[in-house]
Structures are given as structure tokens and as C-alpha cells.
Amino acid sequence: MAEALLTALMISSSSATLPVTFKCAEENNRVDKRITRFVLPVGATINMDGTALYEAVAAIFIAQLNDYPLDVGQIITISVTSTAASIGAAGVPQAGLVTMVIVLTAVGLPADDVTLILAVDWLLDRFRTMVNVLGDGVGAGVVESLSKKELQQMDLSAEENIVNPFALECKLSDTEDQESKKSYINGGFAVDKTDSISYTQTSQF
1 MAEALLTALM
11 ISSSSATLPV
21 TFKCAEENNR
31 VDKRITRFVL
41 PVGATINMDG
51 TALYEAVAAI
61 FIAQLNDYPL
71 DVGQIITISV
81 TSTAASIGAA
91 GVPQAGLVTM
101 VIVLTAVGLP
111 ADDVTLILAV
121 DWLLDRFRTM
131 VNVLGDGVGA
141 GVVESLSKKE
151 LQQMDLSAEE
161 NIVNPFALEC
171 KLSDTEDQES
181 KKSYINGGFA
191 VDKTDSISYT
201 QTSQF
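For the sequence shown, our numbering puts the final residue at 205, and the numbers step up evenly by one.
No lab work stands behind these hints: they were computed from the structure. Any given hint could be a false lead.
[Stated by the list, open to error] Dumping the calculated DSS-like pairs for lysine-lysine here, alpha-carbon to alpha-carbon at most 25 Å:
#	residue 1	residue 2
1	K23	K148
2	K33	K148
3	K33	K23
[Claimed, not checked] Derived Cβ-Cβ restraints for the label pairs, each shown as a range:
#	residue 1	residue 2	range
4	S79	P41	24 to 32 Å
5	P19	I76	46 to 54 Å
6	P19	V143	49 to 57 Å
For each residue, glycine too, the CB sits at the ideal point set by N, CA and C.
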């Protein structure tokens with residue numbers, strides 16, 4: 001995952017790093033493609049663990065800077081709110097600044113103090129993107145280890161010869177041909193089969 005982490009550090013976007021994350025997980029870590037194609041896109045959207053940690057620490061930093069005491073309930077509120085807000089954050093650079101206003105408002109801190117960390121956010125954003133990408137890779141590995149039996153069953157079922165249900169044999173025996181009745185109805189021939197299936201073969205004269 002070194003290449004994916006380096007890419008995340010350079011461009012600070014987990015969504016833009018997704019192709020490199022696919023390559024590292026599938027080629028280097030040998031994660032099944034059926035797992036990576038589902039887990040990594042979902043993780044790049046909602047698995048913002050680095051952003052959640054950043055918003056919680058930044059909110060506590062702003063509270064200490066304003067000499068605002070936080071009790072246990074407010075700290076739990078910061079943790080829950082930062083986790084929920086990070087899920088809704090976009091995978092673009094500096095998206096955590098927008099959602100951090102929600103965290104500050106939840107505990108009564110001034111939202112204008114977001115500008116205090118704006119000067120260093122460009123650097124912190126790169127490191128929290130690395131944490132997000134690393135969490136996506138670890139999540140894909142964990143899901144694969146938990147789904148080994150299901151993947152093996154899918155591989156075994158794929159190797160079995162599956163009969164095509166649409167390949168129906170329409171062969172009639174001689175007795176069925178003799179018992180079939182033809183009648184002229186409304187300018188066409190109606191053939192009544194013995195298996196109670198009737199169809200009309202139209203012909204124009």
C-alpha cells in the first residue's frame with residue numbers, strides 16, 4: 001500500500017487515489033477483485049476515519065484555546081458528531097473544514113474559530129487522507145478474510161456445468177405427429193399439440 005499512501009499524500013483525495021488503491025490491493029496484497037470492487041469504493045465514500053479523528057481533535061483544540069471546559073457528555077457528543085459528519089464528507093481536498101462546523105455547533109463552540117486551523121489544514125489534510133486510504137485497504141483485507149468460505153463456494157459453483165434452461169428440445173415423436181390435428185381458421189392453420197400447447201401458423205394466400 002506504499003504507492004497508494006504516497007499518492008494520497010501528494011493529492012490529498014481518497015477518491016482520486018482509488019485507482020492506485022485498487023492496484024495495490026489486488027496486485028500487491030492479493031485481495032480478491034470481488035472484494036475490492038465493492039469495499040474500496042464504499043470505503044472511499046464513507047470510511048473517513050482520518051477525518052473523524054481530525055475533527056474531534058480540532059474541536060477539543062478550539063475548546064481549550066477559548067478556555068471552554070468540556071465535560072464527558074460533550075466529549076462523547078464531539079466523538080459521535082465527528083464520526084457522523086465524516087461519513088457525509090466528500091472525498092475531495094479540505095472537505096473536513098465544512099463538516100467541522102457541524103461538530104463545533106453541536107457543543108456550542110464558535111464556528112468562526114475554524115479559520116484558526118485553516119493555515120495548517122492543507123498539510124493536515126494530506127496526512128488524514130493517508131489514514132483514510134490505509135483504513136480502506138485494511139477493511140478490504142478484513143472483509144476478504146471473513147468471506148473466504150463464501151468465495152470458495154462461489155468458485156466451486158462457477159466450475160460446475162450449468163444446463164442452459166432456455167435450451168429446450170422441441171422434438172416430437174411419430175405418435176404425436178399423427179395425433180396432431182390441423183384445421184383452417186381465419187386464413188391460417190391452427191395446430192393443436194397433444195401437450196395442450198396451441199399456436200397458429202399464419203399464411204397468406
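So, going through the hints one by one against the coordinates:
{"no.": "1", "hint": "K23 - K148", "verdict": "holds (21 Å)"}
{"no.": "2", "hint": "K33 - K148", "verdict": "holds (13 Å)"}
{"no.": "3", "hint": "K33 - K23", "verdict": "holds (10 Å)"}
{"no.": "4", "hint": "S79 - P41: 24 to 32 Å", "verdict": "holds (26 Å)"}
{"no.": "5", "hint": "P19 - I76: 46 to 54 Å", "verdict": "violated (38 Å)"}
{"no.": "6", "hint": "P19 - V143: 49 to 57 Å", "verdict": "violated (20 Å)"}
Violated hints, listed in ascending order, are 5, 6; each of the other numbered hints is respected by the structure.
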